[in-house]
Amino acid sequence: MARLHGLSEGGVVYAQQNPAVIDQGVFHNDVISVGNGEVLFYHEDAFLETDAVLGQLRAKLASKGGNFQAICVPRAAVAVEDAVRSYLFNSQLLSRDDGSMLLVVPEECRNNERVWAYLGQLTSQGGPVKEVKVFDLKQSMQNGGGPACLRLRVALKESELAAVNQGVIMTAPLYDTLVQWVDKHYRDRLGEADLADPQLLMECRTALDELTQILKLGSVYPFQRQP
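In case it helps, the working numbering puts the sequence shown at residues 187 to 413.
Each statement offered as a hint is correct.
Computed cross-link-like contacts, PhoX-like style, restricted to lysine-lysine with a CA-CA straight-line distance of at most 25 Å:
id: 1; residue 1: Lys370; residue 2: Lys402
id: 2; residue 1: Lys250; residue 2: Lys343
id: 3; residue 1: Lys324; residue 2: Lys370
Cβ pair distances, simulated, as ranges:
id: 4; residue 1: Phe213; residue 2: Val365; range: 23 to 31 Å
id: 5; residue 1: Ser405; residue 2: Pro260; range: 52 to 60 Å
id: 6; residue 1: Ala379; residue 2: Met356; range: 30 to 38 Å
id: 7; residue 1: Gln385; residue 2: Gln410; range: 15 to 23 Å
id: 8; residue 1: Gln255; residue 2: Leu342; range: 18 to 26 Å
Don't read these hints as lab results, they were simulated from the structure.
We put the CB at the ideal spot given by N, CA and C, even for glycine.
Use the sequences and the hints to build the structure in full.
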């Protein structure tokens, strides 16, 4: 990854996830830690050789003028099982205009007594995280996705945002249109025989053609450019 993206060694830390937590359901690192800016919010059991990992992060960020801040969630406060079940670390850690941070968590965090008690302590202990916002994401959670899985966060200047195709920026009207698109085109069941039915291909192409028009993407698929 570092080689393909042309990253310098001065800006890369190779941290190994703790195999013990993988066996407990931590299939991605974003289920046991989350970072934003100079802050790393992580579980005590997230990494192997944690002190060494944090030391490298602190040193490499300092070499670039940064001030690394680590927020460790003790296993005594939140067990790995609770972290996985609530998706505490699949949250979104967001910067606010005043320099503090906001943690966006799923409803499952509030429903877990130990996790919710910890979050109450987190926002009152004087660290960078000053507020927690809770959202009901049951449908996404049932498919394995918490707040961090639900959107692509790209920090843009006003001029950069203005250059983005406005058709892909979520708005209330666009949301309603997309819901109608899903209701119109998504099958409620798919059988083995359907996969060999040319009608399925035609339905998919019709749906994609309509979607690219909704999002103002132009003809991005090869079938749309065929005579």
